[in-house]
Structures are given as C-alpha cells and as structure tokens.
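K.L.:
Below, each chain spelled out in residue letters.
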Amino acid sequence: MFDFKPIRKKSPWILHYNAGSCNGCDIEILACLSPKYDIERFGVINTGNPKQSDVFLVTGPVTFRSRERLIELYTQMPEPKVVMAVGSCTCTGGVFRDMYNVENGLDRYIPVDVYVPGCASSPELIIDGLVKALEILESKTKEIEKPFKLFREASLDNTIVNRRNSALKVGEDTTDDEKN
Amino acid sequence: MIEVILIIVAPIIGGLIYGLERVVRARMQRRQGPPILQPFYDMLKLIDKQALIVNPYHSILGIMHFVTLWVVVAFVVLGQNLLYIIFLHLLSAIFLIIAGFSAKSIYSHIGANRELQAMIAYEPILIMTAVGFYMINGSFDISVIRNNTSEIAGLFLIFLAFLMIIPIKLKKSPFDATEAHQEIVGGVEIEYSGIFFEFLYMAKWLEYVFIYLLLMLFAGDSLILGAVLSVTVFLLVNLVDNSTARIKMKHLIKIVLGIGLSLSMINLIGLSYV
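Chains as they are written, first to last, in our numbering: chain H, 99 to 278; chain U, 148 to 421.
Just chain H, with the same shape it has in the complex (with noise of 0.2 Å):
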C-alpha cells in the first residue's frame, strides 16, 4: 500500500479564523501568503473553506461569540488536521485574559498542536510554527479529534432551529460529558 503520510507535508491547505483578533496576527498571516515570504512555496494555499484544509490558524482571544463558529469550523474540517494558535492572546487570552467576554485562549475549547507566541507574532515565527506543525501533521493518525466543549441540544424557538448560544460556555457543567 502507497503510503501518504510524507505527501501530506507538501500541501498544506490553511483555514484562517479570527476569533476576536485585533487584526494584527491577521495582518501578519496574510503578510506570509505575500510575495516576500511567500509561503505558498510549500504548496500552502488559503482555501477558506474548511472541508477542503488541513491547518488551522486561529488568531485572537476567543470571544464569547465567536467560540460557536470556532468549534463548528473545527468539527466542519476533515482529518487528519492540526490546529495553530497564532498570537499571544489564542494561546493565553494575552492582555484580554480574564475580562468577561474573553474566554481565555483557543485550548480551553479545541485541542491545540503548536503555540506561536507574539503580539503581533513576526511572520518568520509563523512560518516556523507551520513547519512544526506539518512535522505533527505527517504523524497523525486519521481518527477522529473532538472539541473538549462540544453543543448543547438545539433548542426549537418557534419551530425554527436556533443555533445562538449553542456551545457550551467554559466550566459549565454538562450533563452529557460521557457522551462526548
């Protein structure tokens, strides 16, 4: 059997997700896909569109209403994949740490494969940082990752599905944990 484990390194496909940012780790990502760093040499294109990516870059401190579309991207993007904290604030909650509607970092949320630290982190880090990552990525396995804070049960507003608040808020207790 063809073995395409080594093939994966070569095209890594991102999805670029701001959870709240303020724009600079953003600013710093897209500096990388431009023409002076030029990460597109290692086959990376921005697809947008997380049933076709292999990377995550996520950026910002993980509001509270972003962290529903975080987790739905997250379990949208097929395995294997690896997730990338970029930026002081997705790894820790930066200078935003314990206010109330920042809910602390990406990894109470998602488990995370690679930490770049900085505010803004420096595209050379970035870059590093997706070298380790692709390095975690060729020795993965293809089961199946699961966000530690998965959805509650839709709840019906006036027989029409409403997703708003739908996933659980950190250190509330679930009922379903054995489920998950």
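I should point out that these hints are in silico values taken from the structure, not numbers from a laboratory. It cannot be assumed that every hint is accurate.
To be verified - List time: in silico DSSO-like cross-link candidates among lysine-lysine, alpha-carbon distance up to 27 Å:
#1 Lys103(H) x Lys238(H)
#2 Lys318(U) x Lys134(H)
#3 Lys134(H) x Lys251(U)
#4 Lys108(H) x Lys401(U)
Based on these hints, arrange chain U on the given structure of chain H.
P.N.:
This is chain U only, laid out in the frame that chain H set:
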C-alpha cells in the same frame, strides 16, 4: 495507439499545465512559487483525507462531471464531431450545476447560479466557433479540421472571441466570478471534501486540456503554429489574470455576449459572403 496513450495521460498533462501555471503566476509576482508537481502532491493528499459526504447524489454528480469531461477530451483527441463535443461539454457543466443545487449550502447555490449565467455567456461563442470551422472546412469533424491548413486568418474575430471565454472556463480574473474564492469560497465546490473534491480538482486540469486542444484547432495541421498559439495564449491569460480585478457576473455576461458574440457574428457574416 498514440491517441489512447494521450487520452489516458490527459489528466496528468493537465496537472502539469496547472503546476506550470502556478509557477509562472508566482514568477510574474516576483516570488518563488510552488514546485511544478504541486498539483499531484495536492491530489495524493486529498486521497488520504477523510471524505465528508453531504448527500450521495452530490458526490456522484461530481464524479460524473469529471468522467464526462474526460470523455469530451477523449473525443477531441480522437477527432470526433466538434458540435457533439461542445454539447457533451455542456452536459458536464450541467452535472456540476445540478450538484451545486443538490446541497443545501447557500454558497453552493450562488456558485451554481453563477455557473449557469457563465454558461449563457460562453456557450454561444463555442457554438459560433464550431460553425465558423464548419463554414471553412465544410465539416464539423475535428479530424478534417486538423488535416486542413490553418484558418486563423479567416477566423480571426472568432479567435478573439474564443480568447475572451478562456478566462471563464479556466476560472481566471477578470472572469472568475463563478468561482470567486474570496467571496463565495469556490462556489459549487464548497461542499466537496477529500476524494470527492479531488475529482473536481482533476476536472479543472481536464478543462485546461480541453481548452488548449480547442485552441490548437485554430492552427490546423501546423503543429508549430499550434505550439506557438498555446504558449502565447498561456502567457497572455496568466498576465491578464495577474493584472486585472474580478468583475461582476452582470458585467461578465454583458462584455462577453456584447463583444464576443458580435465579433463572431461579424466573422460568420463575412465568411458567408467570401
């Protein structure tokens, strides 16, 4: 025998063209660009990815799109009837549109809608091209067209109209509103993943082969002229792709039908009086 080999390796040739194009485009922007074999790495990676199926018909129609396009390329290589080939090519596009409408995603619907509108724009010009070839050669058969001398002087206006529809078929700026990766995330291909997306990805390569094979018909029996035409058009299309912005669907139809169709009509009227 050589035809059979050509038909079998057609997707690989298309992949090489696509890889070369990405390098050329990168060099035009003064960057290094991916390796030429990058499309094949993508392809092998997509085989390995987990496939999420929206509904079975959606996935099957994607495969049908690829298979029909391959048949189209095979018929062009074998020298069959040009008019049949164009209608078969229409069928392959229709499979993709039905697939786009079969998923519930709104982006998929918008993509399928735009694909239909683009079809309205390019299909008359393709048929006009076939009619132009018929008026000069007296036959729709590609084998007859290939054996006659080059008619690019007599079909020059049709050739210009054909140049206009190449960016639509290859999803290039300024006519790439059907795919529009930054706005509607690829349109019809949004719900495909894993091995099913791969068929769409490879269908894109076959589209390259199809378009460049049709372009070679303008060169007639002269292979050198065909090669010159292909290389020139390849560079021109990439230059235009790099230097123009995307235009709206409405303007696409207006420009392509307004200029392209009138150019080919003038050419056909001229041919009927000669």
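K.L.:
Confirm or reject each hint.
P.N.:
Consistency of the hints with the structure:
At most 27 Å may separate the alpha-carbon atoms for a hinted pair to count; Lys103(H) and Lys238(H) meet this at roughly 9 Å. The suggested pairing of Lys318(U) with Lys134(H) holds, with an alpha-carbon distance near 26 Å, which does not exceed 27 Å. Straight-line distance between C-alpha atoms of Lys134(H) and Lys251(U) comes to about 39 Å, which puts the hinted pair past the 27 Å bound. Taking the CA atoms of Lys108(H) and Lys401(U), the gap is about 41 Å. The hint is violated against a cut of 27 Å.
Checked against the numbered hints given earlier, the structure breaks hints 3 and 4 and satisfies all the rest.
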